[in-house]
Amino acid sequence: MSLTLEQVRRVAHLARLDISETEAETTLGHLNGIFTLIEAMQAVDTKGIEPMAHAQDVAQRLRDDRVTEENRRAAYQAVAPETEAGLYLVPKVIE
Amino acid sequence: MIGWTLKQLGAALAGKDISSVELTQLHLDRIARLNPEINAFVTVDAEKSLAQAQAADARLAAGDAGPLTGIPIAQKDIFCAQGWRTTCGSRMLGNFVSPYDATVIAKFDAAGAVNLGKTNMDEFAMGSSNETSYFGPVKNPWDTQRVPGGSSGGSAAAVAALMAPAATGTDTGGSIRQPAALCNLSGLKPTYGVVSRWGMIAFASSLDQAGPMARTAEDCALMLNAMAGFDDKDSTSLERPTEDYCRDLAANAGEKPLSGLKIGLPKEFFGDGCDAGVMARVQDAIAEYRKLGAETVEVSLPNMQHGVAAYYVIAPAEASSNLSRYDGVRYGYRAPEYADLDDMYCKTRAQGFGAEVKRRILIGTYVLSHGYYDAYYLQAQRIRRLIAQDFVDAFKRCDVIMGPTSPCTAFGLGEKAADPVQMYLSDIYTIAVNLAGLPGMSIPCGFADGLPVGLQLIGDYFAEARLLNVAHRYQQATDWHLRTPAE
Numbered sequence: 001m002s003l004t005l006e007q008v009r010r011v012a013h014l015a016r017l018d019i020s021e022t023e024a025e026t027t028l029g030h031l032n033g034i035f036t037l038i039e040a041m042q043a044v045d046t047k048g049i050e051p052m053a054h055a056q057d058v059a060q061r062l063r064d065d066r067v068t069e070e071n072r073r074a075a076y077q078a079v080a081p082e083t084e085a086g087l088y089l090v091p092k093v094i095e
Numbered sequence: 001m002i003g004w005t006l007k008q009l010g011a012a013l014a015g016k017d018i019s020s021v022e023l024t025q026l027h028l029d030r031i032a033r034l035n036p037e038i039n040a041f042v043t044v045d046a047e048k049s050l051a052q053a054q055a056a057d058a059r060l061a062a063g064d065a066g067p068l069t070g071i072p073i074a075q076k077d078i079f080c081a082q083g084w085r086t087t088c089g090s091r092m093l094g095n096f097v098s099p100y101d102a103t104v105i106a107k108f109d110a111a112g113a114v115n116l117g118k119t120n121m122d123e124f125a126m127g128s129s130n131e132t133s134y135f136g137p138v139k140n141p142w143d144t145q146r147v148p149g150g151s152s153g154g155s156a157a158a159v160a161a162l163m164a165p166a167a168t169g170t171d172t173g174g175s176i177r178q179p180a181a182l183c184n185l186s187g188l189k190p191t192y193g194v195v196s197r198w199g200m201i202a203f204a205s206s207l208d209q210a211g212p213m214a215r216t217a218e219d220c221a222l223m224l225n226a227m228a229g230f231d232d233k234d235s236t237s238l239e240r241p242t243e244d245y246c247r248d249l250a251a252n253a254g255e256k257p258l259s260g261l262k263i264g265l266p267k268e269f270f271g272d273g274c275d276a277g278v279m280a281r282v283q284d285a286i287a288e289y290r291k292l293g294a295e296t297v298e299v300s301l302p303n304m305q306h307g308v309a310a311y312y313v314i315a316p317a318e319a320s321s322n323l324s325r326y327d328g329v330r331y332g333y334r335a336p337e338y339a340d341l342d343d344m345y346c347k348t349r350a351q352g353f354g355a356e357v358k359r360r361i362l363i364g365t366y367v368l369s370h371g372y373y374d375a376y377y378l379q380a381q382r383i384r385r386l387i388a389q390d391f392v393d394a395f396k397r398c399d400v401i402m403g404p405t406s407p408c409t410a411f412g413l414g415e416k417a418a419d420p421v422q423m424y425l426s427d428i429y430t431i432a433v434n435l436a437g438l439p440g441m442s443i444p445c446g447f448a449d450g451l452p453v454g455l456q457l458i459g460d461y462f463a464e465a466r467l468l469n470v471a472h473r474y475q476q477a478t479d480w481h482l483r484t485p486a487e
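For the record, the sequence lines run as chains A and B. The numbering of the first sequence is the UniProt record's numbering, which starts it at 1 and goes up by one. The numbering of the second sequence is the UniProt record's numbering, which starts it at 1 and goes up by one.
Next comes chain A alone, as it looks inside the complex:
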């Protein structure tokens, strides 16, 4: 399977990455090389094999419903670019 330039542009948009025409062309070559490597695994018979999403069979733990962290607002806000009245100022995200 080979990707097309159009697919690279579409995936870049889905990933929210600006990509120039030159970058798209270079990326297309690299991705096709990588997908040739990846394609090899399609031939493996995995019928009936349960997917392994994690290295250990762990279950999410529950914790007591109580406050464990102290209030460190000042320390956390010290590294923020902009704050006002104890709130973070961010660009407009709801249009």
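Honestly, the hints are just simulated from the structure, not real lab data. Check each hint, because a few of them may be wrong.
Claimed, not checked - Now the stretches of chain A that chain B is said to cover, found in silico as 3 or more residues with beta-carbon under 8 angstroms:
| hint | region |
| --- | --- |
| 1 | 44–56 |
| 2 | 74–85 |
Stated by the list, open to error - Per the computed footprint, the stretches of chain B lying under chain A, defined by three or more beta-carbons under 8 angstroms from a beta-carbon of chain A, are:
| hint | region |
| --- | --- |
| 3 | 306–319 |
| 4 | 382–395 |
| 5 | 419–433 |
Since the model is a prediction, treat every value here as computed from it, not as a measurement. From the three backbone atoms N, C-alpha and C, an ideal C-beta is built for every residue, glycine too.
Assemble chain B onto chain A, guided by the hints.
Below, chain B alone, put in the same frame as chain A:
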């Protein structure tokens, strides 16, 4: 005392032969002299390090010291450290000063170790050569025209150049073991879940694991004692009793200390694809193990050949998800000019991430997208299960698996940078261990054309103490691990 092991330094500090402040200053001076060329550290803060050293000296004077108290240790720049710039090798976090400590950092702090600085790394730990860092490539102290390996290349180069006695690393597909091999160090990737990932910047969450990098297996054991343990802040941390990873190292085991040990040699590790010089040194090491009393059996890992393919679906898939948080809003770099919200996301991520990170985000986004999820992501997870089962079957016949760590010695800067597939194949012997979640180690086993070669040791789940002992016995019989690069 430059070049001494942690064990030797611990004894010197306990015996008041040197203070922690003096020892830290010795290493800071060496960093000031060598780092402009090697580029192993991205952040050094002498004032902070020396303040920690003073506190350690107070503990030593009060008789409240442990084996690592007062010892300077370099920290990979993937670990958040309070008050320290924490960049993960990326422009995206170029100015991020962490307001909290990762659990690993907190544990070293509690042990009284001194944070010597933050080491350079491939951006977001994506790379096998340490050339993808926003802060420039790290150079291999054995030959500065060559790479140190990645992604913990800064940590490896720092220890190899004797700028630090030891360092932390992280290993998602081989990022501790491969640079350890290329720089003549001992490096251990523990069983997944043994060391907390809390405060360690995420790349591929089901694979990432932190571990020690040092000159000897004994030092790795000392470090792992400080690093390991259950952490309720990390939902993947395993609830297990605390272990002493040094417990088997002190015993006097006689002339044949490894009698009864069965070493599995996977035929897939010993076929084509490995440089002749590397293979010869690995075979020499296995012959040495036979002299130490071990016996060898052939085993098979038939699905290992698909490990790289499965890894380059699973790891980018997880990375594309983990890195979605870098959007210019919540934290990190933000593009200075943009037209609207969508434009801000796209420009921020395009400017903040380097080429390799973008490439993996694109792979991950593609394999998780509608219509491709089953064919790529689920298939890769099924292959992951087959690979893990291969190891389970192999460990029915042996106690430890051995083979090369890397198919080649340190390659030239820029040599593989233009061909991602060639770069990805650098990790062909290490990746399967991460997919299965097993512990793996690399130890020095000789030189090919003047460059270090690593022997890989793979253990069953939670067999870190055994791995460290098997490595230690070899290091008692050989001196490859004590060789240092010429200056």
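Each hint, compared with the structure:
Only residues whose beta carbon comes within less than 8 angstroms of a beta carbon in chain B count, and the region 44–56 of chain A has 10; three or more means the coverage holds. Check on the region 74–85 of chain A: 6 of its residues sit with their Cβ under 8 angstroms from a Cβ of chain B, so the three-residue criterion for coverage holds. Coverage of the region 306–319 of chain B by chain A holds. Counting CB-CB distances below 8 angstroms, 6 residues qualify, and the rule asks for three or more. A stretch counts as covered by a chain when three or more of its residues have a beta carbon under 8 angstroms from one of that chain; for the region 382–395 of chain B and chain A the count is 6, and the coverage holds.
For the region 419–433 of chain B, the assignment as covered by chain A holds, since 4 residues bring a beta-carbon within under 8 angstroms of that chain's beta-carbons and 3 suffice.
In this structure, every one of the numbered hints holds.
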